[in-house]
Amino acid sequence: MYPKIFQDQSFAKPLASLVSTRRSFILGTVATAAGLAIGYRMTGPARAEDAPAAAPVHPFQPYIAIAPDGAVTITSSQFEMGQGSYFGIATLVNEELGADWAQISVEGGAGNVAAYGNLAWGGAAQGTGGSTSMTSSWERYRKAGAAMRIMLVEAAAREWAVPASEIKAEMGNLTHASGKLASYGEMAIKTDGLVLPAEIPLKPREMWTQIGKVDLKRFDSKPKTNGSLPYTIDVQLPGMATAVMIHPPKFGATVKTFDAAKAKALKGIVDVVQISRGIAVVAENMWIATKARDLVTVEWDESKAEQRGSPEILAAYREAAKQAPANMARNDGDLAAGFASAAKVLEATYTFPYLAHAALEPLNAAAMMKDGVVEVWGGHQMPDLYQYIASQIAGVTPDKVKLHVMRSGGGFGRRAVFDADVVAESVEVAKALDWSRPVKVQWTRENDMRGGRYRPAYVHAMKAGLDGKGNLIAWANHIVGQSIMTGTLFEGMAVKNGIDFTSVEGAANLPYAIPNLGVGLTTMTTGVPVLWWRAVGSTHTAYAVEAFLDEVAEAAGKDPVEFRLALLKDHPRHAAALRLASEKAGWGTTPATGRFRGVAVAESFNTVVAQVVEISIPSPGAVKVEKVICVVDCGTAINPDQVVAQMEGGIGFGLGSILAEEITLTGGVVDQGNYDTYAPLRIDQMPVIEVHILPSENPPTGAGEPGVPPIGPALANAVYQATKKRVRTLPFAKGLTA
Amino acid sequence: MIKININGVQRDIDAEPEMPLLWALRDVLHLSGTKFGCGMAQCGACTVHLDGQPVRSCVTAIGDIGAGKITTIEGVSGNVAETVQAVWTELDVPQCGYCQSGQIMSAVALLSENQKPGDADIDAAMSGNLCRCATYARIRSAIHEAARRLEA
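Sequence order for the protein chains is A and B. Here the working numbering is used: the first residue of the first sequence is 1, the next is one more, and so on. Here the working numbering is used: the first residue of the second sequence is 739, the next is one more, and so on.
Calculated from the structure, these hints are not laboratory results. Accuracy of the hints is not assured; some may be wrong.
[Stated by the list, open to error] As a list, the in silico DSS-like pairs of lysine-lysine whose alpha-carbon atoms are at most 30 angstroms apart: (1) Lys222/A x Lys807/B; (2) Lys264/A x Lys741/B; (3) Lys496/A x Lys463/A; (4) Lys344/A x Lys322/A; (5) Lys267/A x Lys854/B; (6) Lys190/A x Lys854/B; (7) Lys624/A x Lys741/B; (8) Lys624/A x Lys854/B.
Predicted model, so just to flag it, every value in this text is computed and none were measured.
Build the full structure now, drawing on both the sequences and the hints.
See below:
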């Protein structure tokens, strides 16, 4: 998910050896391993790796294919889980290509790291995360679009014997003043032998007609309004069976024995098989599989299972937070001296629960083997890794694994898993059935909710020192919690000097100018599997930092906005976002009767977001978020309306977690199983949201995640204004009444 | 064999009467626009119409439907439905889109009963439909906009 992992060369090497089918491809050169320049395919396989080995391959085929009928198929390196990556990439391509949007479709690519490696991660692996999709695609896909247009124009120039400079390429047509006209599709078959220039010029910003256009609509909304867009759950293959999983009730437990005799007696049951992660109940359809599941009895070996409940785990965290940190992530000035000279010292401890991603489409994947090739349908967010893992399970070489990248019904981080998770399960189950038929593993909501991979629980111990004039002279933040990276394939790269950067991001890079500043980390070990969850470390660090800073500002007798601005002299992006948000919210004016305001600013994934919330208190112990003013600096906003959508969605997603979401465990067993006990935000809780995008000519930075971090602390700070209560235990359902 | 009228067509379903309509639609009839999200009427992703009323198909047994007429996202039609779907697209309401079949079925049912719903009516009619992408602000705008167009 993160640049630092993948930029490490030691990661690139092992992964490079995993996938043997990679084509060598460098943008701007024409020669390829497989042959040369034909910019189209007649029919059939849409992706480069699907093409017959003997077929000519155009250097831009990994990204764009134009069919004779003019259909433009863009292959996206970035996974689409709702955040609009396909639209963003299509916008970049079409800015340069000049096709008719009605001709454009986008599908997910895989199996070609040279073409699809995430450039924000050094190109070493394909994957989507850390809000990097537009950063990675910014040059790559504009150049791909420009190169394709150049080829088409050159082909027309040759065909018509006119100078290329006199040919116009727009709306999918090539035209010349002489009256000559050809569609892109017609000319795509006439590019044979053309050579691209070494340099591919891109349109200057002032010529853009697509990028930054506020009223450009998503090309893919309509099939989402009539039920026709297929997700993994909708994959239907001839003879396909459906498998429902029985996972261990406690993390780390394994199957000792199981009895499936009653289940196997059901009509429509296919088989009940044991795989590495539990028992798979395979049937002709989901309903029968679910019924049969309830008839299977399993005896678990819990000798290595996590037996603790979340109260015990958090108590251990709180105890650790009282001690000195195991490692320091940042240590500026002299912390001890700073506190010794402080006129006033404040302390507070914040507690954050485990959180589930709880995407609406419960996890799933489908697998089959045909002619020696394993095909896997799923939300392949880290395809190189999944291709390798699938090959290992199936006992084939990676080039014999073909991934079908499906759009997923949400994700929020949950589809990017080091062990391939449900993708691995589907291959294991299909193999356990001797590849006799395609099988789809479909998790129930309970499988999904109790499947672990949570946002880790954390405790932050905060301490601040003010001098006699109210200047913030010392800041200590001790973070205690579980590492996402430790124990994974990426530990060696992601954890340095005892610091998993995902544990401290948003805290260790604190933008505020404080002379004596320490951020420490104590990493705890539990058996509860954890994972990145939309905005990752900043989901807790931003809350602890921005809520505590509000306390400090109050103790200093200063306005929260002014107090921050004074500390942000070296961070103009933060300051600009904060200023505009406070201006738009009427900060400094008296809110309407019964309304209260709070503010927060946070940087995540190189994007800065400031939010001012306005709340009311409809009844004691209840909070209604009425309005959120949100200002974002994400560099160039490629699709401004989608940046707005991601801010709206990020605020709603974050707000739900702050108000009421919590995964708890009792004796090692997860208490929540469905949306009745795990409560994301609903429409009646959604505030009015006003988003302002700061104008910028910088390259694009993240948009999918950065809307999440500020909403919690902004809300906490507003709640304090209303109730004089500092909420330090999340969610509010627990912390507001504590 | 259970007979149900789905999208105006009498269908024969070879399954037990307690099979939830959701799985009959998806796995037997291959009408996959209706989505599975929770299995216990908590998320609304599986919303269909039973005689025009929104119901959660995951908790509706096929044996209980009798002569009732089922409409799914594939079959929903008429002025209200077409207006809702058009506005949904124009406002770019969907993000991942997974819950939107259910959202649209609930919205069409609301606007069929109430030509000018206020915010409280929208909250009441739509709060059973979860959207984890939190597209709620646009859902609300789209319902208001559809109501305006239907009034015109």
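Tested hints:
For a cut-off of 30 angstroms, the pair hint linking Lys222/A to Lys807/B stands: about 26 angstroms separates their Cα positions. With a C-alpha separation of about 28 angstroms, the suggested pair Lys264/A and Lys741/B falls inside the 30 angstroms cut-off, and the hint holds. A hinted pair counts as satisfied when its Cα atoms are at most 30 angstroms apart, and Lys496/A with Lys463/A qualifies at roughly 25 angstroms. Our distance criterion of 30 angstroms between C-alpha atoms is met by Lys344/A and Lys322/A, whose separation comes to about 20 angstroms.
For the suggested pair Lys267/A and Lys854/B, the alpha carbons sit about 50 angstroms apart, so the restraint of at most 30 angstroms is broken. Between Lys190/A and Lys854/B the CA atoms are separated by roughly 57 angstroms; this puts the pair beyond 30 angstroms, and the hint is violated. Restraint check: the Cα-Cα separation between Lys624/A and Lys741/B comes to about 47 angstroms, which exceeds 30 angstroms; the hinted pair is violated. About 25 angstroms separates the Cα atoms of Lys624/A and Lys854/B, which keeps this hinted pair within 30 angstroms; it holds.
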